[in-house]
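Now for the letters of each chain:
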Amino acid sequence: MEKKQKRLYTRIVILAVLVAAIAYTVYNTAHKDDVQLLKIGDNAPDFSLVDLNGETHKLSDYKGQGVLLNFWGTWCKPCKKEMPAINNQYKQFKNQGVQILGINIAQSNLEVSSYADKLGVEFPIAIDKTKSVMRAYNVDPLPTTVLIDKDGKIVKIITGEMTETDIEKYLKSIKP
Amino acid sequence: MKSITCECGHVNPEGTHLCEKCGRPLTDEDKKQKIVDMKYEGRAIRSKTYNKSIIDKIWNFFSSVKVGVSIIVITLIAAAIGTFLPQVIYVNVTEGEDIKQAYVDNYGTFGKIYYNLGLTDIYSSWWFQTLIGMLAISIIVASLDRGIPLYKSLKNQRVRRHESFMKRQRIFGEREMTSAEADKTLDLTEKKMKELKYNVRREDGVLLAEKGRFARSGPYVNHLGLIIFLFGVMLRLMPGFYVDEDLWIREGETASIPGMEGYYLHSNKFTFETYKKDEQKEEFNQSKAAVNSVAKNYQTDVVLYKAKDNAVAGDTTDLKQVLHHAIKVNEPLKYDGFALYQMDFRLNELKAMNFNLVNKKTGKSLGEVNINLADPKKVYNLDKQTKVELKGYYPTFSGFEDGEPQSESPVPNNPAFIFKMYTPETPKGETSFVAIKQTLEPLGETKYKMQFANIETRNVSGLTIRKDKTLPILALGGIIFMIGVVMGSYWSHRRLWLQKTVDGRLMMAAHTNKNWFSMKKDLDTVTEFAHLPNWVDQQDDDDLKKKQEKEKEGDNTL
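Quick mapping for you: the protein sequence lines, in order, are chains X and P. Each step along the first sequence adds one to the number in the numbering used here, with nothing skipped, and position 80 is 96. Each step along the second sequence adds one to the number in the numbering used here, with nothing skipped, and position 17 is 162.
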């Protein structure tokens, strides 16, 4: 009888290990694409980029402030639509401990600066020439907006166009 | 638990066919048979012995060979269906295009159904992975259930077997003999069988010669290899074990390498070479005139850079050059566990455009402007009073919207420009919109124009970045798998039993799990040498035709 008990336990252990392995595999395959993607609550990967005015923006320097990162490109229509709204809200929030940084994906200075001039963008815009920040944040569709709180944690990731009301709400949520 | 007590007194578990101790057939069915079934040495398959709790029931389900084979068949069918149309990772989808739409466009209604059923990413589907997992469970459980009893049985096998066991072996023979004669025969047999590299065990009046027992573990070793292989594949999902990324890089560009944090790649040049006519073999040249020339080389000359320690993303100051390499097909750049392969290319992407500032009337040029499309300048000065201002640049001009030129991509596929030209004659400047085969003068007719002169192009390399730490595990699994196959295929487990009976006979019986022909050759040798009884193949008598068939297939009895 003891032998039988032992065998039962062995079987339970073996089956449990195998079922766990399958569950792990299935789960991870289903989430393969966002395994590397950042999740809400993760620490935002640090980066440093130089903006159009030659100023360096290092994310870790903004600890204690909320940060909105907006990844965009000049060819992307929804980016263009939300840009003025972001700019409006930037004016409201810039003195309230919230930073906004536009990150262009590897375009030429001329394109980016003439675009920004035309739209009258006031918040700093940096060009991610090597796409390394884009890859660190695993940005795929544009626009993508990442909200980071004062502790450097990711609060929200928005893919697609935002309305001005959305932006206001988001900026409020990361206000320190 | 029910049990079967043999006439010899040994208590066998339920489901046993041949007594674990003496080999007597135990069930009525086995007793009726002329030749016993030697599968698993007649031991009870474990799953047949307990069948009470749910765990036992699940265990028994997976232990069944029928279930195992069914899982394999279903998996094969599913895998085959996955090849009807290209899987999603092999379908070229241009940016922004819907994958489903791509299937509909290429394959019509069938493509739509195929996509909707989720067959376009079949190998990543939860049910396919579950099938593979169930296959793994089946392999493990079935192997444990059969392998362990078989191992125990072979390890503990007795030299003396019951007459009924001997008689029911496929090869059997007996002859009347005096005790002294029989002992002599046993001695001679021992000598000869040892010469033939058999292990010989003897007890009082009985002999067991055995060879190649390890061949019986072939299937189990083989299964172990499979399990290790599957484990390796599973590990690919663990972060850090497996990277498979693509990178498009243009000549002269420096890009961060996806999946390879802190490293940057600069492409110096992409080369695509074809064989010249005289370099090729004759047979190639015959068809060459009609077909394309044959590719000789795809090569990207790159420099690998590493960011300084603790550098964060985007910080490209102080990049340290690691190495130069010419990436060719089958000659990847290998560094730090990563390999960069040459996979694809695009030739002749626009790199720069040259224009002449020309007086429309006289046709005289005031100078040439070279616009680097990757980094156009704001102002191009020709002399003190002559300059061209670039007011707008649209890499893929796609038309106007609200009077404004639009670009639908960042790649210079169809570049368009807004120039403002300043000359001594027109110091206030004239504006002109220039696209390919299109010139507009939105603010009035101009005296000067930007006349297209020529273009410069550059090539784009498609590289794949791979890291695979599971390869050694996969290789190990593969090697073990092959060892198992070889063990089970090229060796056979042969046994010869001799027994001196009290009533003055010498019985012999022999068994092998495969390759009876060689076994019989061994037996012929020893029979002649040691004057063994003449043996018969009882299956021959039975059914000659069946036997021939079995010989042909190699009878893979475990």
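There's no promise every hint is true.
To be verified - In silico DMTMM-like pairs for lysine to aspartate or glutamate, Cα to Cα no more than 25 Å straight-line: (1) X/LYS20 with P/ASP389; (2) P/LYS177 with P/GLU152; (3) X/LYS147 with P/ASP389.
It should be emphasised that the hints constitute simulated quantities derived from the structure, not laboratory data.
Quick rundown of the hints versus the structure:
| no. | hint | result |
| --- | --- | --- |
| 1 | X/LYS20 with P/ASP389 | violated (47 Å) |
| 2 | P/LYS177 with P/GLU152 | holds (17 Å) |
| 3 | X/LYS147 with P/ASP389 | holds (17 Å) |
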